[in-house]
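Undergrad: Chain by chain, the residues:
There are 2 protein chains.
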Amino acid sequence: MNEVDLLIINGVVVTMDSDEAVIANGAVAISGDRIIDIGPKEKFSDCQAAKVIDAKNGIIMPGLINTHTHASMTCFRGLADDLHLMTWLNDYIFPAEAKLNYEKVKTGALLACAEMILSGTTCFADMYLFEDAVAEAAAQAGMRAVVGEVLYDFPSPSYGLIEEGFVYTENLIKKWKGDSLITVAVEPHSPYLCGPDLLIKAGALSKKYEVPLIIHVAETQTEVHTIFERYGKTPIAHLGGIGVLSPLLLACHCVALTDKDIELLASFDVKVSHNPESNMKLASGIAPVPQLMDAGVCVGLGTDGCTSNNDVDMFLEMDTAAKIHKVNTLDPTVMDAKTVLKMATIDAARALGLDKLTGSLVPGKKADVIIIDTNKPHLTPMYNLHSHLVYAASGNDVDTSIINGQVVMENRALLTLDIAKVMADVNQVADEIKLSR
Amino acid sequence: MNEVDLLIINGVVVTMDSDEAVIANGAVAISGDRIIDIGPKEKFSDCQAAKVIDAKNGIIMPGLINTHTHASMTCFRGLADDLHLMTWLNDYIFPAEAKLNYEKVKTGALLACAEMILSGTTCFADMYLFEDAVAEAAAQAGMRAVVGEVLYDFPSPSYGLIEEGFVYTENLIKKWKGDSLITVAVEPHSPYLCGPDLLIKAGALSKKYEVPLIIHVAETQTEVHTIFERYGKTPIAHLGGIGVLSPLLLACHCVALTDKDIELLASFDVKVSHNPESNMKLASGIAPVPQLMDAGVCVGLGTDGCTSNNDVDMFLEMDTAAKIHKVNTLDPTVMDAKTVLKMATIDAARALGLDKLTGSLVPGKKADVIIIDTNKPHLTPMYNLHSHLVYAASGNDVDTSIINGQVVMENRALLTLDIAKVMADVNQVADEIKLSR
Numbered sequence: 001m002n003e004v005d006l007l008i009i010n011g012v013v014v015t016m017d018s019d020e021a022v023i024a025n026g027a028v029a030i031s032g033d034r035i036i037d038i039g040p041k042e043k044f045s046d047c048q049a050a051k052v053i054d055a056k057n058g059i060i061m062p063g064l065i066n067t068h069t070h071a072s073m074t075c076f077r078g079l080a081d082d083l084h085l086m087t088w089l090n091d092y093i094f095p096a097e098a099k100l101n102y103e104k105v106k107t108g109a110l111l112a113c114a115e116m117i118l119s120g121t122t123c124f125a126d127m128y129l130f131e132d133a134v135a136e137a138a139a140q141a142g143m144r145a146v147v148g149e150v151l152y153d154f155p156s157p158s159y160g161l162i163e164e165g166f167v168y169t170e171n172l173i174k175k176w177k178g179d180s181l182i183t184v185a186v187e188p189h190s191p192y193l194c195g196p197d198l199l200i201k202a203g204a205l206s207k208k209y210e211v212p213l214i215i216h217v218a219e220t221q222t223e224v225h226t227i228f229e230r231y232g233k234t235p236i237a238h239l240g241g242i243g244v245l246s247p248l249l250l251a252c253h254c255v256a257l258t259d260k261d262i263e264l265l266a267s268f269d270v271k272v273s274h275n276p277e278s279n280m281k282l283a284s285g286i287a288p289v290p291q292l293m294d295a296g297v298c299v300g301l302g303t304d305g306c307t308s309n310n311d312v313d314m315f316l317e318m319d320t321a322a323k324i325h326k327v328n329t330l331d332p333t334v335m336d337a338k339t340v341l342k343m344a345t346i347d348a349a350r351a352l353g354l355d356k357l358t359g360s361l362v363p364g365k366k367a368d369v370i371i372i373d374t375n376k377p378h379l380t381p382m383y384n385l386h387s388h389l390v391y392a393a394s395g396n397d398v399d400t401s402i403i404n405g406q407v408v409m410e411n412r413a414l415l416t417l418d419i420a421k422v423m424a425d426v427n428q429v430a431d432e433i434k435l436s437r
Numbered sequence: 001m002n003e004v005d006l007l008i009i010n011g012v013v014v015t016m017d018s019d020e021a022v023i024a025n026g027a028v029a030i031s032g033d034r035i036i037d038i039g040p041k042e043k044f045s046d047c048q049a050a051k052v053i054d055a056k057n058g059i060i061m062p063g064l065i066n067t068h069t070h071a072s073m074t075c076f077r078g079l080a081d082d083l084h085l086m087t088w089l090n091d092y093i094f095p096a097e098a099k100l101n102y103e104k105v106k107t108g109a110l111l112a113c114a115e116m117i118l119s120g121t122t123c124f125a126d127m128y129l130f131e132d133a134v135a136e137a138a139a140q141a142g143m144r145a146v147v148g149e150v151l152y153d154f155p156s157p158s159y160g161l162i163e164e165g166f167v168y169t170e171n172l173i174k175k176w177k178g179d180s181l182i183t184v185a186v187e188p189h190s191p192y193l194c195g196p197d198l199l200i201k202a203g204a205l206s207k208k209y210e211v212p213l214i215i216h217v218a219e220t221q222t223e224v225h226t227i228f229e230r231y232g233k234t235p236i237a238h239l240g241g242i243g244v245l246s247p248l249l250l251a252c253h254c255v256a257l258t259d260k261d262i263e264l265l266a267s268f269d270v271k272v273s274h275n276p277e278s279n280m281k282l283a284s285g286i287a288p289v290p291q292l293m294d295a296g297v298c299v300g301l302g303t304d305g306c307t308s309n310n311d312v313d314m315f316l317e318m319d320t321a322a323k324i325h326k327v328n329t330l331d332p333t334v335m336d337a338k339t340v341l342k343m344a345t346i347d348a349a350r351a352l353g354l355d356k357l358t359g360s361l362v363p364g365k366k367a368d369v370i371i372i373d374t375n376k377p378h379l380t381p382m383y384n385l386h387s388h389l390v391y392a393a394s395g396n397d398v399d400t401s402i403i404n405g406q407v408v409m410e411n412r413a414l415l416t417l418d419i420a421k422v423m424a425d426v427n428q429v430a431d432e433i434k435l436s437r
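Line by line, the protein sequences give chains A and B. Sequential numbering from 1 applies to the first sequence in this note's numbering. Sequential numbering from 1 applies to the second sequence in this note's numbering.
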């Protein structure tokens, strides 16, 4: 370890490793795409680094992981708010989505990648149309991503027949196999838009390739009623009944759960993506996250898309996650700052099956690292790192970001994207949408 | 109107006036401490301005008004989170507050002023100890403020006898009378820490000087039980019974209300300060704000202090206010973006009795104006100004701030405070607190 590519010095290292180790005046050494070593600064006195980054007494920590979003929906941010779900979907979102194509989806995803990098996210899980465009955008931005083409029981703007969705997915899996940044998942939309045949087939495909199976489920009480009318079961029990519950399943939202559902999720080691701001804005409800965690379910945090949030800032999402469950349970001790920080880092990585690669700063893992500038009025004074990261910081406090060993942002300058062009392109997409309304 | 001190051009003017007028490519002319004129840019073609500020196609709007905070508690930010209320108060907050003095309170308030200016707040209402220090800090920062010494039925660190609290308040009223920025209020802490005698006297003092009467009330269900045990009434009914309800009263929190309480508040034209993030973090509950507004009660938004939030960013508070009531009522149409924006501007001004002076951009009002830089990834594209301000913007997007005609921040540089010194001073206060624990 005498020669490394990159050495980050002069920061408090918040590792989020299994010991929750925090190293004052620490350093992180990176070579290629990997973390080589972590320790107090002295340990690296003989180290020759091709590049040194000074954390300026800030916080060096794992990049945040967004377990559920629809990146390209940045194109529709602010198009439709404060509406009933069906008005929102039928009068605004579906008509706008019908006009999408590969290029527009890529444009929207590039903007989301820029925002995510600028707010400290280094990895995201996406579900949308033309998902190869999202994979290409993430690769161009240098972001780690789990992508999956949304599958429904009806044609999508990106394919004509249901069967083609599976072909698309399998081609995507093959295309990106072995890629250092992109993982492909199988992503049926939900139990209410996908019949049992589709879900069973999706589950089988996920197991065949050992890739995540990602679905929206139990998002609203209305969904629970619909599924109960159709199948005589809760959505989770329905998925259990057709053999789709598995450790590969990431169940997004999980707002409307029974105690029995929670037991089922735990017994099958199903992972949950918690999206509190979206669930609040759409008036879906509040997921029983403290109960899920008590039952041993792995819960990762996510923002959902920009039409139901309307940002992808995981720091702000952490703040909301920490607060909403306190008021919901009337217990101020639930969802403490450390727990929430885990939900946005190592537990999020585990939810996506990526915990061997990322989610904590550990030698041998991929170098997905962010540096927080704590020399700011709203982060002064400093009693407790974890508290500041959850309750006081925002994505804007992230100074530098490294993904897979590549510096993608330094001193808040994006290095992988031409942000002015990306913004201009999205504005053009929005102009077309405005004209067509 | 041919010569003005300051002309702001090239922005969309969101006036928040009674017509909710929005002026594309508008301008705002300021002379002395007042707004002189507002209109489309062309109207000002002959105008000679001593200084011109280019809003660069951003948003020109009234500064935000924080109706309830404890500014100096910035000194304790992150000292104690995720705790039960009584542990938090008795083991952390009260011991830390016992060590405060005038200088420390001023130091903490200066930091809060810096943060507030940096996040677009131009006016705040404060309750704390050594409140003259907060007034001095606000005046130094160039901020508009409503300040009031907290009154209890026991000695405070800033005065020995209960009676002295009233003397302190009256002296404060006299000292700042006629000041262009500072208004003094009478501020009994709460019905559970102030007996009827104190409350009646406080009410009389508020009426004598026609200044706001500000109190914490109905913050928790525990308080409701306590007051019911003592007086056989809800806290609001108790205040009514002793004649303290009046249009001058600003009732902070109002989480635990009955329908009858809401009627009472409406019939006496009592104003309410809504502090959703604090109520969530302390697990107090969710104030019935949509019901209060339906009953015609004026509700202003506030952040509460930095130990229960832990920031004073009113943009983030707006986002939370918009979302929490949707999920609480399971109705996504309540608390739409415009309504929430009013709660942080004109309605907040009305809650503090300052609506003739500030809270909207109207010729003749004081010039309390902020400029939002919308040329940012997370504010792209632009379909709806109000949506972006509430759901996507954060305080960090505020580029420039003018209070009482004075430019206090320009291009994010604070012009009235030496922020490095303020931060160093607060860090020193925190070091003392750490040592004494």
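No lab work stands behind these hints: they were computed from the structure. Honestly, I wouldn't trust all of these hints.
Where chains are identical, the list cannot tell them apart; a pair therefore holds if satisfied intra-copy or between any two copies.
35 Å max Cα-Cα, derived DSBU-like pairs, lysine-lysine [to be verified]:
no. : residue 1 : residue 2
1   : K43       : K434
2   : K51       : K421
3   : K233      : K51
4   : K41       : K356
These numbers were taken from a predicted model, which means no experiment stands behind them.
Undergrad: So, for every hint listed, does it hold in this structure?
TA: A quick look at each hint next to the structure:
Only between protomers do K43 and K434 lie at most 35 Å apart by alpha-carbon distance; the minimum there is 29 Å, versus 58 Å within a single protomer. In this assembly of identical chains, the alpha carbons of K51 and K421 lie at most 35 Å apart whether taken from the same copy (29 Å) or from different copies (32 Å). Proximity of K233 to K51 under the C-alpha cut-off of 35 Å is found in neither arrangement, the shortest distances being 57 Å within a copy and 68 Å between copies. Taking identical chains as interchangeable, the C-alpha atoms of K41 and K356 lie at most 35 Å apart only when both belong to the same chain, with a minimum of 26 Å there against 58 Å between chains.
When the structure is compared with the earlier hints, a violation turns up for hint 3 alone.
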